[in-house]
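Mind docking chain B on chain A? Use the hints.
Quick note, the sequences are listed as chains A and B, same order.
Following the numbering used here, the numbering of the first sequence begins with 6 at its first residue and continues without gaps.
Following the numbering used here, the numbering of the second sequence begins with 6 at its first residue and continues without gaps.
Simulated from the structure, these hints should not be mistaken for lab results.
Among the hints, erroneous ones may be present.
Some chain A residues close to chain B (C-beta under 7 Å, calculated; not the full set) [claimed, not checked]:
#1 Pro38
#2 Met109
#3 Ile135
#4 Gln165
#5 Ser169
Ideal Cβ positions, reconstructed from N, Cα and C, are used throughout, including at glycine.
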Amino acid sequence: MSIAAVRRRKISPWPYLLIFPSILALILILGYPIVKLLNLSFQKYGLTQIIAGRGVGVGLKNFTDSLSDSNFWTILLRTYAFTFCIVFVTIIVGAAMAHLMLRMHNVIRILLTAIFVMVWAMPQLVGISIWRWLFSFNFSIITSTVRSLGFPIANHNYFQNIISGFTIIGGCVAWGALPFVTISIYAALTQVPKELIEAAELDGATRFQVFKNIIFPMLFPIYIILISLSVIWDFQIFSHIWVFLDARPAPQYFTMAIYAFEQSFGQSEYGKGAAISILMIIALLGFTGYYLKQMVKIGDGQ
Amino acid sequence: MKSKSSIYSNISGIFAIALMGFPVYWMVVTSFKPKDDILSTHPSFFPHTFTLDNYSQALGKYGFTQALLNSVYVVIGTVVISMFIALFAAIAVARMKFKGKSIFIMSILLVQMVPLSALLIPLYILLTKLHLVNSLAGVVLAYVAFVLPFVVWTLRGFLVNIPLDLEEAALVDGCTKPQAYRHILFPLMAPGLVATAIFAFIQAWNEYLLAYILLSDQSKITMPVWLGSFTTRQGTDWGPLMAASCITAVPVVIFFLFIQKQLVQGVTAGAVKG
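Next comes chain A alone, as it looks inside the complex:
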């Protein structure tokens, strides 16, 4: 549309000028790579192709290969299960903590908030380093505490068994995520007007009814946002698994993100890695869509 046409329809060019730099940055650094990712996923792009500087088109082969590989499905299911457990724990514990915070003594609440803020601010790698130290093989404070409680356990490699390994990694993730979840729910709870609850209580509502009919519906949007955000974050966890397992995770620790990374940077099968990455995005689409709908509603309703 020419500028003259814009003027004629009385559309100001300002908003477009203002969003232009953002769009440029997003297209260059995110848009182009997304297109490139799609492009790669239809190619064989291994070491030979890197040297030649161009991939060889293979159609849908990367996708059909992945989808017919039983490994892929195991890893996908494992990633879903891992994500589900962490999100479930963070949301339930976070919501419970937020409700309890309303009834805490001021001093305790302020102390707890301070701890939350500290944990929230911890750089991811600091958090992971601390947890690795807590569960180290030789000098773990956890092992020695369990032992001093009378359980005969020797030095223990917690990552030998994938259940205990994933529990610790998940614990570290949940520990890092809880502050954001709890404080967000708490902040939302404090915004629920007290009169509303008092009125309901006067009318004889039980505490559970108040929760079910007033608090929960009012907090519903924030729960949706927190749940979808958590799912999206936890599904793509990479650094935790990578660093906990010394950058050499065993195949039974592979999640989608690690699998895609391993295929590309480990096996130099960049095309296959790209296809797995795209399948990973698709696996998340449901949650993404739900989150988007909620956020756009908020963005438009001003």
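Frame of chain A, contents of chain B only:
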């Protein structure tokens, strides 16, 4: 909505403080313990002797100063560029009506959802083409794009909460639009701007994965990647690692204390049906 304190809540509060705080406590305590106490099969919960050995070892470790400088460079670059770009976009989104606004909001939110790890491969290829692999400028560019959606969104949240009437009154009194922005909107936005800038700061300071992939040159690493270098195939230097972790965490913890409230407000703005 707040109620009187109850015993149950207080007990669970203390319990939560202990559980959430213990890892942090353990990091700090370990960082001040002498080596013999750290490498013991019966570690004690309280340090018997204090030492700064771990700190001097961590600070003397190869690459600390360089990593710190690199992190500062990356952080300043990311914050300045992203704030500048995002402020424009946020004004457009919060204050103006235009065709395609929903699409813009949608795409901003959508790119936030794309897993970073999925984009590593093409991003690596792109930055290789631009000769920006192993360069801090490349990392800044990538970080700007990754914090941008959140920064635009949060700034929008702050802007929406400033009543439009104030601006309109200024316009009626004869201000031009840029004047109205400069004298009315920006001063009122200052707390929001600071909070958002600190958020971008924290993101850039904490980010590990991209820096780990994009910066292989020892002289280019940032603080989180430097932290990763304490683990080698021979094992991990736990004492110095905990000291280094404290050093890395302190700046963000301090900044976070400042903005905690605004950040939550920014996240939840408009999310509760009033």
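In ascending order, which of the hints set out earlier in this document are inconsistent with the structure?
Violated hints (numbers, rising): 4 and 5; every other hint is consistent with the structure.
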